[in-house]
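Sequence lines, in order, name chains A and B.
Using this note's numbering, read the first sequence as starting at 1 and increasing by one per residue.
Using this note's numbering, read the second sequence as starting at 1001 and increasing by one per residue.
Zero decoy hints are in this set.
Here are the simulated SDA-like cross-link-like pairs (lysine to any residue), alpha carbons at most 20 Å apart as the crow flies:
1. B:Lys1073 / A:Arg258
2. B:Lys1046 / A:Pro257
3. B:Lys1046 / A:Met183
4. B:Lys1073 / B:Ala1047
5. B:Lys1102 / B:Asp1171
One side only, chain B facing chain A, incomplete, derived with CB under 7 Å:
6. Trp1022
7. Ala1029
8. Thr1030
9. Ile1048
10. Ile1100
11. Ser1109
12. Cys1115
13. Tyr1125
14. Pro1136
15. Phe1193
Hints are computed from structural coordinates only; laboratory data are not their basis.
Glycine included, C-beta positions come from ideal geometry on N, C-alpha and C.
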Amino acid sequence: MYRSQRLALKYLTAAMVLFGVMVLFGAISATYYINPSFLLNTFNFNTAKILHIDTLILWHLMGFFGAVYWFLPVDTGQEVEGIALGEVMFWIFCLVIAVVAVVFIFVQYGSSTEFSLWFINQGRKYVEAPRWAAVAVVIVGVVFAYNVVASGIKSTRRSGILIVLILDLIPLLVLYLDAFPAMTNMSQDLFWWWWLVHLWVEATWEVLIGCIMAWTLMELLGASRRVVESWLYVEVALVLGTGILGLGHHYFWIGTPRYWLGVGGFFSALEPLPLLGMVIHAIYDAGRHRMQTGNRPAFYWMLAEAFGNFLGAGVWGFMMTLPQINLYSHGTQWTASHAHFAFWGAYSCGIFAVIYLALEKSRKSAGLDGWAWKWSFALLNVGLLGMVGGLLVAGMDQAFFERALGGSTWSAFIALQHRPWYIEGMWSRFGFGLIFAAGYIILMYDMLRISKGKKGEATIEPREAAA
Amino acid sequence: MDEHPSEKVTAHNSYTTDSRFWRAGAIAATLFMSAVLAILTVDSLKAIGPGGSHVPMYAVINHHIGYEYDTDKHECVPEVGGEELLFGQRYDETQAAQLIAKGKLVIQSRACMGCHTFFGNGAYYAPDLTKAWLDPLWMTYPAQKRGAAIINFLINPFHVGYHVMPNLHIDHEEAQAVVAYLKWMSAVDTNGFPDCAGRNPAK
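In isolation and in its complexed conformation, chain A is listed as follows (with noise of 0.2 Å):
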């Protein structure tokens, strides 16, 4: 096994557990729903909330750092260049995440200076860490870059996933810089906030779930790597020829010109095409093999992943996107439904199959299959849809009742509190929630099962096509 792979566990299982932290805050932010006196001075909802979504960030951003770390030397068939800064930086970011919810959970917020920016709390949604921890995620991220770049330069082999991940990592470190900035003029700041959050989210990072998963196919079904990375750059062309001109489906209302509500309906109105693509991939790969495969988990959370990222992401994105719907869906439950299931979708499962697969590669001995995968499997998918489901109930009620009906008003806001549908929709979502939170418990008690078996020492070669 290369020190790379090693290091790629390490991260893994680093965001596996905060993993867990996100779905702990997330139940704990449910709660304030359904009583909204939880707690109310002591840890007030923002905290809980800023901790569940900055470690839904962190976990996936780790999970894609692992997943690389494990693909990048067999793809090279080389050792990764640096690899001891790598596994410094390590420590590091995990250091620095430790600090960041320390300070979030007893601090909370400072005054009105600079000083709260820089140590406290940023309060940017998403990229709230204080400053110095921004500076410590891109230094933890130059270095991988570093990892990545070095690698592709040094070796003999460089295979078109590596240079589309090469390419992607440019924009995914350049567009963080947005971590840092305090616009006073809220439209200058949530217009290159969407910049960081849009470009991340809807092209950067789709790249990026792209070359892991086209890794993941060759790994797993032994797929052809021509036809995956065939398939690789259609799904480039598609993701990013709709999705850099769909970042205008966020410049509705923010104060931007009304071209926008044409040119961001039109383009995100096609995003859900390279979505689409990647089914008919999964579909196409897994009867071409006839659904063999000696990791029944990694393959499921594989489907899982092309399935969820085209509902989540796609169809559900696509649901209320067009300007004529937005007006009344947008920053309502209907938008944190859409992000539930694209999130999970586009990434999660992604990460899980990577998992799975690192598993049974590092370690020989122990059973992949048994009843846990299944249960995990269900409960966590279970628990997704009926949160998704829950939040999708509650958000329509507030579109149609608050917005278009209420006028939006404070008044309206609050008259929505005490509709049933509502309530339905956020009882629903915090029972569902603690059934994802049992699907993830037995997710962590299978994989800590299979990584106790012995470890394998072999190195892994990819399992070339015979396509």
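Once you've looked at the hints, dock chain B against the given chain A.
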């Protein structure tokens, strides 16, 4: 770049099975869309700067601001009226910009977006603040007293129906800055968001 061994394409394959064809498509699509985005960005930044076509100067806080139904556009648009001083004080553009910058610092340091939305962006636990200055709840106060009423709420939050806002230890100066921020923001042209039909039906 060395070609990966498995990238070789046999002669009988058509161009659609040649990954290089799709690679060219990916590069072309990305470059073209990025170029269009760059052009639209340059144009949009002009519109959203203070004093641009959609975003007012900061000194707009010295004026009455309304959100009225425009029968031509069929949506509500912000309307800037005559002088209506905030806290009985007339701010020049620099002073207003400083006050509003302070307001933004309060908004970020207290993580307001962890519960509220601004232009619909943020969290969905508490009301949207895009037109908070013009909300009927505060419109019940005469214009001269509205600022003071919101300040009082920010410093000592009270129950608004089911919900109560936590006490975030906002002092008087900070609360003033937030009120100025909300008043300025209510004058931003948001293409009709939030829809005002419920509060001001077009009849």
